[in-house]
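Asker: Next come the chains, spelled out residue by residue.
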Amino acid sequence: MKKVFLTLCVLFVGVAAFAQVPRAKMSSYITSCKDYEGVEVVHFGGLGAFLMKSAASLVSIEEPDLRQVLPIIKGLRGFYLLDYSECRECDQRKISRKLNRMLSRADLLMEVNDDGHAFQVFGTDTGNKIKDVVIYTPADCTIICCFGSIDTDALAMLMND
Amino acid sequence: MKRIITITLFLLLSLGAFAQSGRSFYQKYSDEPGVSAVYISPAMFRMMGSIPGIPAGDDEVDLAPIIRSLKGMYIINSENVSLNSKLSKEITKALNSGNYELMMEAKEDGEKVQIYTAGSDATVTSFILVSDEGNEFTVIWLDGEMPREQMENLLSDTIEIN
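These protein sequences, in sequence, are chains H and Z. FYI, in my numbering the residues of the first sequence are 98 to 258. FYI, in my numbering the residues of the second sequence are 225 to 386.
Chain H extracted, bound-state conformation (with noise of 0.2 Å):
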């Protein structure tokens, strides 16, 4: 009984991990980047995040619009760019399979697929909130990376208003 036990605690632990965004895995890959020709790479790790957040909560007194944006922000670690839109386009393809090969073991929040123009949200799914959102535009060549926790009851209150 306990070995049935532990095979099925073994496949859903699996099957959990398989859909979560591997953040180490990109964001390596994001920075390795920049030896191409042609890419654009912008990065806020924790201590720019901190500071943006920060920032947001001071101009937050003047404005208080943005007050609502504070929750969605709170839990965010982190943020990369990329835009390799200007590289060689055989680099271009090299950079998509990669990130494409990445993204397929992640969840597919959204996706808007206009004749092979397509937009995508990727992410993981906790409930009332949502880690490591990563959008990305295949045929543009940019992928966006915010990592960390956004949470969804803050967004849809704003979204709502």
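Think of the hints as simulated: they come from the structure by calculation, not from any bench. Remember, predicted model here, so these are calculated numbers, not experimental data. Just so it is clear, CB atoms sit at the ideal spot from N, CA and C, and this is done for glycine as well. One thing to keep in mind: the hints can contain errors.
As the list claims (entries may be wrong) - Here are the simulated distance ranges between beta carbons:
1) Z:Ser293 / H:Arg198: 53 to 59 Å
2) Z:Ser309 / H:Ser182: 36 to 42 Å
3) H:Val139 / Z:Val305: 39 to 45 Å
4) Z:Lys252 / H:Thr223: 50 to 56 Å
5) H:Asp212 / Z:Ser312: 45 to 51 Å
6) Z:Ser306 / H:Lys131: 39 to 45 Å
Dock chain Z against chain H, hints included.
Answerer: Frame of chain H; chain Z shown alone:
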């Protein structure tokens, strides 16, 4: 050992059975040329609080307020005439193999719109809208729980207004 293999096989088979839904239909056709496709997951639905409107007559009906739980929404719109007959066959196959019943059908000037639902008398668990305009074929597939009465009222109200 035999028991472990049986349980593992059962689990894998049940995962395979889950795949025969809107998701598998979407994955099969969303990348085809001439196709526009949209997928909305439950997490995204919670975040946005809305889904695209369902066409009913000249207007659109918003099912979002009556959805109790959404497992996924899939929209496939094809303007690829050579693919449309394949899509039509595939959706007919899915409707026949599932427990779907025709809820509404409207025909006008060569355009045909059909709405199918599956579930119990009280709750709709799957909603499929098929629109065939000859050169354009649209499937809206919604997996989630909605009270049947509320959904029927909402649809009939929208159609009456039109």
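Asker: Look at each hint and say if it fits the structure.
Answerer: Hint by hint, here is what the structure shows:
1. Z:Ser293 / H:Arg198: 53 to 59 Å: violated, 32 Å
2. Z:Ser309 / H:Ser182: 36 to 42 Å: holds, 37 Å
3. H:Val139 / Z:Val305: 39 to 45 Å: holds, 43 Å
4. Z:Lys252 / H:Thr223: 50 to 56 Å: violated, 29 Å
5. H:Asp212 / Z:Ser312: 45 to 51 Å: violated, 20 Å
6. Z:Ser306 / H:Lys131: 39 to 45 Å: holds, 44 Å
Checked against the numbered hints given earlier, this structure breaks hints 1, 4 and 5; the rest are met.
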